[in-house]
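Here is how the chains run, residue by residue.
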Amino acid sequence: QKEVEQNSGPLSVPEGAIASLNCTYSDRVSQSFFWYRQYSGKSPELIMSIYSNGDKEDGRFTAQLNKASQYVSLLIRDSQPSDSATYLCALGGLTGGGNKLTFGTGTQLKVEL
Amino acid sequence: GAGVSQSPSNKVTEKGKDVELRCDPISGHTALYWYRQSLGQGLEFLIYFQGNSAPDKSGLPSDRFSAERTGGSVSTLTIQRTQQEDSAVYLCASSLDGGDRGYTFGSGTRLTVV
Numbered sequence: 001q002k003e004v005e006q007n008s009g010p011l012s013v014p015e016g017a018i019a020s021l022n023c024t025y026s027d028r029v030s031q032s033f034f035w036y037r038q039y040s041g042k043s044p045e046l047i048m049s050i051y052s053n054g055d056k057e058d059g060r061f062t063a064q065l066n067k068a069s070q071y072v073s074l075l076i077r078d079s080q081p082s083d084s085a086t087y088l089c090a091l092g093g094l095t096g097g098g099n100k101l102t103f104g105t106g107t108q109l110k111v112e113l
Numbered sequence: 114g115a116g117v118s119q120s121p122s123n124k125v126t127e128k129g130k131d132v133e134l135r136c137d138p139i140s141g142h143t144a145l146y147w148y149r150q151s152l153g154q155g156l157e158f159l160i161y162f163q164g165n166s167a168p169d170k171s172g173l174p175s176d177r178f179s180a181e182r183t184g185g186s187v188s189t190l191t192i193q194r195t196q197q198e199d200s201a202v203y204l205c206a207s208s209l210d211g212g213d214r215g216y217t218f219g220s221g222t223r224l225t226v227v
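Here the protein sequences line up with chains F and X, keeping their order. Numbering follows my numbering, in which position 85 of the first sequence is assigned residue number 85; successive positions increment by one, without gaps. Add 113 to the 1-based position in the second sequence for my numbering, that's all there is to it.
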C-alpha cells in the first residue's frame, strides 16, 4: 500500500459545483496534512494545511481531516475554470520520514464551462 | 529573497555530462528540500537540509547525485554522468522550520538529458 493515495482522475465538475478531492494515507503517526495545487508546467503551490480532526475553511476551500479513518479531503465550492489543476495531498511526520513531506501523485481536476 | 529562486530554469545536457542545479531559498528559511518530478509522476523526495544538522540523503537515487548547502543558504544539486532517466523537473523548496507549516517551492529546473 502506498503511503499516500489519491485517485489520479481526471475529476470533471461543472462550473459552480462543489469539487471533492480525497486522499487516504497509511501511517497513523502523521501529524500535518497539506493540499497543494499544481497548474500544468508550474510548481506546486500550498493552498491548505490542517493538523486536527474536523473541518478547516479558507474562502472557497475546505479541508477535512479524519485521523481515525486516515483520510483527508479538499472541497472546492463554486468551482471555477481557474481551479482546473492537479491537486496534491502531502503528509508530514510519517514514521521514519523526519520532517519532510510525502506527496501523493495528485488528482487532476477539470472544471467545465 | 521574496521567493525560492532556482537556476537554470531549463537545462539540456548530453548523456554522460555533469550538471549543477542551484537553489536560493527564502531568506531566513532554515530548511531546504530537493524533489524531482518526472512527466506525469508525483514528487520524489531527494534530500533535505535543516540548519546545521546532517542532511537527510535517503532519497538520492544513486551515488551520481549529491547536494550541498553552503552557509545555511544556497544549495547546489549535482548530478554526475547524467543518464536519460535523470530527465525530470527538479524542484527546490524551503520552509521556516522543519516543514510543519508546509513548504514554498521554487519554479523548478527542467533537465533534459539527450
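Rather than coming from a laboratory, the hints here were simulated on the basis of the structure. These figures come from a predicted structure and were not determined experimentally. In this text, a Cβ means the ideal position worked out from N, Cα and C, and glycines have one as well. Some clues are possibly wrong.
[To be verified] Okay, derived cross-link-like pairs now, DSSO-like style, lysine-lysine, Cα gap no bigger than 27 Å in a straight line:
{"#": "1", "chain 1": "F", "residue 1": "K56", "chain 2": "F", "residue 2": "K67"}
{"#": "2", "chain 1": "F", "residue 1": "K42", "chain 2": "F", "residue 2": "K56"}
{"#": "3", "chain 1": "X", "residue 1": "K130", "chain 2": "X", "residue 2": "K170"}
{"#": "4", "chain 1": "F", "residue 1": "K42", "chain 2": "F", "residue 2": "K110"}
{"#": "5", "chain 1": "X", "residue 1": "K128", "chain 2": "F", "residue 2": "K42"}
{"#": "6", "chain 1": "X", "residue 1": "K170", "chain 2": "X", "residue 2": "K124"}
{"#": "7", "chain 1": "F", "residue 1": "K42", "chain 2": "X", "residue 2": "K124"}
{"#": "8", "chain 1": "X", "residue 1": "K128", "chain 2": "X", "residue 2": "K170"}
{"#": "9", "chain 1": "F", "residue 1": "K42", "chain 2": "X", "residue 2": "K170"}
[To be verified] Distance windows between CB atoms, simulated:
{"#": "10", "chain 1": "X", "residue 1": "K170", "chain 2": "F", "residue 2": "I18", "range": "38 to 44 Å"}
{"#": "11", "chain 1": "F", "residue 1": "K110", "chain 2": "X", "residue 2": "G184", "range": "27 to 33 Å"}
{"#": "12", "chain 1": "X", "residue 1": "D131", "chain 2": "F", "residue 2": "K42", "range": "38 to 44 Å"}
Cross-check of the supplied hints:
| no. | hint | in the structure |
| --- | --- | --- |
| 1 | F:K56 / F:K67 | holds (14 Å) |
| 2 | F:K42 / F:K56 | holds (26 Å) |
| 3 | X:K130 / X:K170 | holds (22 Å) |
| 4 | F:K42 / F:K110 | holds (16 Å) |
| 5 | X:K128 / F:K42 | holds (26 Å) |
| 6 | X:K170 / X:K124 | holds (23 Å) |
| 7 | F:K42 / X:K124 | holds (16 Å) |
| 8 | X:K128 / X:K170 | holds (24 Å) |
| 9 | F:K42 / X:K170 | holds (25 Å) |
| 10 | X:K170 / F:I18: 38 to 44 Å | holds (42 Å) |
| 11 | F:K110 / X:G184: 27 to 33 Å | violated (44 Å) |
| 12 | X:D131 / F:K42: 38 to 44 Å | violated (28 Å) |
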